[in-house]
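Novice: Got chain A sorted already, so can you dock chain B onto it with the hints?
As they're listed, the protein sequences go chains A and B. Sequential numbering from 3 applies to the first sequence in the working numbering. Sequential numbering from 7 applies to the second sequence in the working numbering.
Quick caveat, the hints were computed from the structure, so don't treat them as lab data. Be a bit skeptical, because a hint or two may be false.
Stated by the list, open to error - For each label pair, taking beta carbons as the anchor points, the in silico distance ranges come out as:
hint, chain 1, residue 1, chain 2, residue 2, range
1, B, T288, A, A146, 48 to 58 Å
2, A, V147, B, L19, 19 to 29 Å
3, B, D9, A, F166, 51 to 61 Å
Claimed, not checked - In silico DSS-like links for lysine-lysine, alpha-carbon gap of 27 Å or less:
hint, chain 1, residue 1, chain 2, residue 2
4, B, K436, A, K5
5, A, K4, A, K67
6, A, K4, B, K436
Claimed, not checked - Where chain A lies over chain B, by a calculated footprint (3+ residues, C-beta under 8 Å):
hint, region
7, 55 to 66
8, 143 to 152
9, 191 to 202
10, 256 to 264
Backbone N, C-alpha and C fix where the C-beta goes; we use that ideal spot for every residue, glycine too.
Each chain, written out:
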Amino acid sequence: MKKGEIATGAFCVAFFSFMLIQGFDLLETRRSGEVGSGFWPVMSLIACLGFSIAWLVMTVVESRKTRVEPTAAPTREEAAGAWVRRRTVGLSILCLFLYIVVMPWIGFVLSTFLFVFAFAVSLGERRKLVLSVSPFLVTAMVVAVFAKFITIPFPRGVGVFAAFSRLFYQ
Amino acid sequence: MIDHYLQAFATVLLPQNILAMCLGGLWGLLAGALPGISTSMGIVLLLSFTYSLSPMTAFCLLVAAYCGGITGGSITSILFGIPGEPSSVPTVIEGHSLAKQGRAAYALWTFLICSIYGGIFSVIVMMVATPLIAGFALQFGPPEFFALTVLGLSVVSSLSGKSMVKGFLSCFFGLFLATIGTDGITGGERFTFDTTILLGGISFVVAMVGLLAVSEIFIEAEEPFKEYKGSVGYKSMRDEMPPFSLFKSQWANLIRSPIIGTVVGALPGAGATIAAFLAYGTTARLSKNPEKFGKGAIDGLMSSECANNASTGGSMTILLSLGLPGSNTTAMMIAAFMIHGMQPGPLLLTTRPDIIYGIFVAMLLSNLFLLVLTAFVGIRMFLELNRLPYSIFSAVIMILCVVGAFGLANSTDDLYLMFVFGVVGYVMMKFDIPVAPAILALVLGDMAELALRRSLLLSMGDPTILISRPISIILLLGAVISIVYPLIKKPKILQGA
Numbered sequence: 003m004k005k006g007e008i009a010t011g012a013f014c015v016a017f018f019s020f021m022l023i024q025g026f027d028l029l030e031t032r033r034s035g036e037v038g039s040g041f042w043p044v045m046s047l048i049a050c051l052g053f054s055i056a057w058l059v060m061t062v063v064e065s066r067k068t069r070v071e072p073t074a075a076p077t078r079e080e081a082a083g084a085w086v087r088r089r090t091v092g093l094s095i096l097c098l099f100l101y102i103v104v105m106p107w108i109g110f111v112l113s114t115f116l117f118v119f120a121f122a123v124s125l126g127e128r129r130k131l132v133l134s135v136s137p138f139l140v141t142a143m144v145v146a147v148f149a150k151f152i153t154i155p156f157p158r159g160v161g162v163f164a165a166f167s168r169l170f171y172q
Numbered sequence: 007m008i009d010h011y012l013q014a015f016a017t018v019l020l021p022q023n024i025l026a027m028c029l030g031g032l033w034g035l036l037a038g039a040l041p042g043i044s045t046s047m048g049i050v051l052l053l054s055f056t057y058s059l060s061p062m063t064a065f066c067l068l069v070a071a072y073c074g075g076i077t078g079g080s081i082t083s084i085l086f087g088i089p090g091e092p093s094s095v096p097t098v099i100e101g102h103s104l105a106k107q108g109r110a111a112y113a114l115w116t117f118l119i120c121s122i123y124g125g126i127f128s129v130i131v132m133m134v135a136t137p138l139i140a141g142f143a144l145q146f147g148p149p150e151f152f153a154l155t156v157l158g159l160s161v162v163s164s165l166s167g168k169s170m171v172k173g174f175l176s177c178f179f180g181l182f183l184a185t186i187g188t189d190g191i192t193g194g195e196r197f198t199f200d201t202t203i204l205l206g207g208i209s210f211v212v213a214m215v216g217l218l219a220v221s222e223i224f225i226e227a228e229e230p231f232k233e234y235k236g237s238v239g240y241k242s243m244r245d246e247m248p249p250f251s252l253f254k255s256q257w258a259n260l261i262r263s264p265i266i267g268t269v270v271g272a273l274p275g276a277g278a279t280i281a282a283f284l285a286y287g288t289t290a291r292l293s294k295n296p297e298k299f300g301k302g303a304i305d306g307l308m309s310s311e312c313a314n315n316a317s318t319g320g321s322m323t324i325l326l327s328l329g330l331p332g333s334n335t336t337a338m339m340i341a342a343f344m345i346h347g348m349q350p351g352p353l354l355l356t357t358r359p360d361i362i363y364g365i366f367v368a369m370l371l372s373n374l375f376l377l378v379l380t381a382f383v384g385i386r387m388f389l390e391l392n393r394l395p396y397s398i399f400s401a402v403i404m405i406l407c408v409v410g411a412f413g414l415a416n417s418t419d420d421l422y423l424m425f426v427f428g429v430v431g432y433v434m435m436k437f438d439i440p441v442a443p444a445i446l447a448l449v450l451g452d453m454a455e456l457a458l459r460r461s462l463l464l465s466m467g468d469p470t471i472l473i474s475r476p477i478s479i480i481l482l483l484g485a486v487i488s489i490v491y492p493l494i495k496k497p498k499i500l501q502g503a
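So here's chain A without its partners, still in its complex pose (with noise of 0.2 Å):
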């Protein structure tokens, strides 16, 4: 966990110095009184940089520190629960994106199914009954509630998509 959070530490730092960077250019010479727009972005960035580097730094001694003092390595049970952690965290961050990323090219109805689906599986749900109904139900009363009661004009997707969505909304 340290070393995700000394890497963590590490990229907010090379984040908030390239952000810093673009903000310089935004510093221009002005009329008396204005600051321009780039004083408060890089304030902010500044503060942020410097908070970042005394994140980074108190957890590289700190992780000396637990080093100095080792702990029990974990148990294969422990290795194998986290693995399944993060497997499962993983899936599911994947199933968003893929839903998001095929929404406008099969449609809201076709998409949604699928991700109710996918994401189910992904939290470990294996039930068939729930697997097999719980997608109908759920975009069905989405679609109900959302493109029809209140008209969100959800993407169609294209060519038999389109033609296909365009049967449960307009």
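Specialist: Same frame as chain A, but now just chain B:
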């Protein structure tokens, strides 16, 4: 003013608004009670339903959900011994103890009556205080508004949890995010990298949905929550009602606790949790039988429930009169105002009194509806919904997030932004970086920057304008105390990385 109230009652009592309050109240109850959803998240998820509603109907829905959310957390506290909201912890201690003694209905009725009473008390205070504070705030100029936003941001120290470094990092990150897009004064582009996605800036609603709701689903994915198990025996609310003599004997408690709740709720960053604990602790200290606390002390239950619901009126007072969000939940309310083209603050009382007085009346009526909704519908509905598979429940929540983000501008670009913020929020939560300061800063950042730049324009670049006016000095002093006091009290929290 009476005309405004009469008009407000006439508007709020329209059938669509009554329906909105009932549905919002039920949703709030469930959001507060069900695992994996908080009151703030419940409000965020409701935003997507408000796009096509009239402003008054939308606010009826949202304020009812806010009141319901604070109330709903106590249902699981009493029946399962698990707090649905952090403010419900004293309710777990006393209410669940009573339920284990076979008095679940007694505890539920007591919590319900005290919650509604506390809520109504604070709404009445809100009705009186909001116009007074708003009238005072109309004297504010840019320096005062800058000082006010600094005070609002200073609460980051109380939202930071264990580490102030991480809290301030989150806060300044939010301030930076607020600068992305087009500069409000010069019209120049900032950090857009020539993309259209970022040209309009980061939508606060999209960022909020991602940072708060989507990231929470990812966190829950690590340990998918099974339904609550092991409730104490509960059959019906009709089993046992508390007698009137109970409330009569607790008259001092019933006056003290809602006052504590309303005042604490009005403090930015304080909110229902601190209100509940403070009232509970005060009652325990003043009790003639302090040894009964922790074993089902009914006065402890009454005080915490009065106070946590009373905090809603206090928070809304500050939001409506000053435009300051004191907590995550009231920050969500700002999004609702923005969706309907309004900016909460002192001017809104004069430009849209129908909305402000309508919100007062809606909160009053919502509390009354909640009494019936909770007793006869909410608890039973929660027990049934608790049996839904969590995997499907999570999928539904995620779809609501997607709909909420998409519906804002009917753009898939916002979905990508929501996804990015969801991942960022997940990483922040994994490393104990609080998300609340970032959201608060994203809301207040624009306001703070514009106020500062206008102040400096007025003074031809002289920064002493910020400390030359009495109101801004007082507000800035308050901000400094708010930041420095926790540092003096607990210097070790700086080392929480």
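Novice: All hints, please: hold or fail.
Specialist: Checked hints:
1. A C-beta distance of roughly 49 Å is found between T288 (chain B) and A146 (chain A), which places it inside the suggested range of 48 to 58 Å.
2. Remark: the range hint 19 to 29 Å for V147 (chain A) to L19 (chain B) is upheld by a beta-carbon distance near 25 Å.
3. At about 54 Å, the CB distance of D9 (chain B) to F166 (chain A) agrees with the hint of 51 to 61 Å.
4. About 13 Å separates the Cα atoms of K436 (chain B) and K5 (chain A), which keeps this hinted pair within 27 Å; it holds.
5. Restraint check: the Cα-Cα separation between K4 (chain A) and K67 (chain A) comes to about 11 Å, which is no more than 27 Å; the hinted pair holds.
6. In summary, the hint linking K4 (chain A) to K436 (chain B) is supported, as the alpha carbons are separated by about 11 Å, within the 27 Å threshold.
7. Residues of the region 55 to 66 of chain B with a Cβ under 8 Å from some Cβ of chain A number 3, which satisfies the need for three, so the listed coverage holds.
8. Counting residues of the region 143 to 152 of chain B whose CB falls under 8 Å from any CB of chain A gives 0; the rule of at least 3 is not met.
9. Only residues whose C-beta sits within less than 8 Å of a C-beta in chain A count toward coverage, and the region 191 to 202 of chain B has 5 of them, enough to reach three; the restraint holds.
10. With a threshold of 8 Å between beta carbons, the proposed coverage of the region 256 to 264 of chain B by chain A is violated, since 0 of its residues qualify and at least three are required.
Of the numbered hints given earlier, the model fails hints 8 and 10; all others are met.
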